Each structure stands twice: as structure tokens, then as C-alpha cells.
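Enquirer: Sequence:
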Amino acid sequence: MPQLSTGDSAPKFDHRDQDGGGVSLDSLKGGRLVLYFFPKADTAG
Numbered sequence: 001m002p003q004l005s006t007g008d009s010a011p012k013f014d015h016r017d018q019d020g021g022g023v024s025l026d027s028l029k030g031g032r033l034v035l036y037f038f039p040k041a042d043t044a045g
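Counting from 1, one number per residue, gives the positions in the sequence shown under the working numbering.
To be clear, the hints were calculated from the coordinates, so they are not data collected in a lab. Here the structure is a predicted model, which is why all the values come from computation and not from measurement. The C-beta atom is built at its ideal place from N, Cα and C for all residues, glycine as well. Do not take every clue at face value.
[What the hints assert, rightly or not] Ranges of calculated distance between the beta carbons of each label pair, as one might list FRET restraints: (1) G7 x K29: 16 to 22 Å; (2) D19 x P39: 24 to 30 Å; (3) R32 x L4: 17 to 23 Å; (4) D14 x Y36: 15 to 21 Å; (5) L28 x G7: 14 to 20 Å; (6) Q3 x G30: 24 to 30 Å; (7) Y36 x R16: 16 to 22 Å.
With the hints as extra help, turn the sequences into a complete structure.
Expert: Pasting the structure below:
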């Protein structure tokens, strides 16, 4: 995946939420959205 910078458009995604339902960037269109990306190396996992 290419490096993102402040102001870039979010990449399209399609994943399951905590309840097993689908969530995608397209399904969230029209509302405010904050996506937080962090490197795996800075997590406990």
C-alpha cells in the first residue's frame, strides 16, 4: 500500500465490524469519518 499523507483520500476498504456486519468506505459516504492508521511495530500485537 502506498504511503498516505495528510489530506489524502482514504483507500477503499471492505471489512467486518465487531458484530460481524460489513463496513466499507462506500457505506460510510456522506458522513464524517476519521481513520487512524498505525504501524504494527508500535502495537503490542
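Enquirer: Compare the structure with the hints numbered earlier in the document and write down the numbers of the violated ones, lowest to highest.
Expert: none
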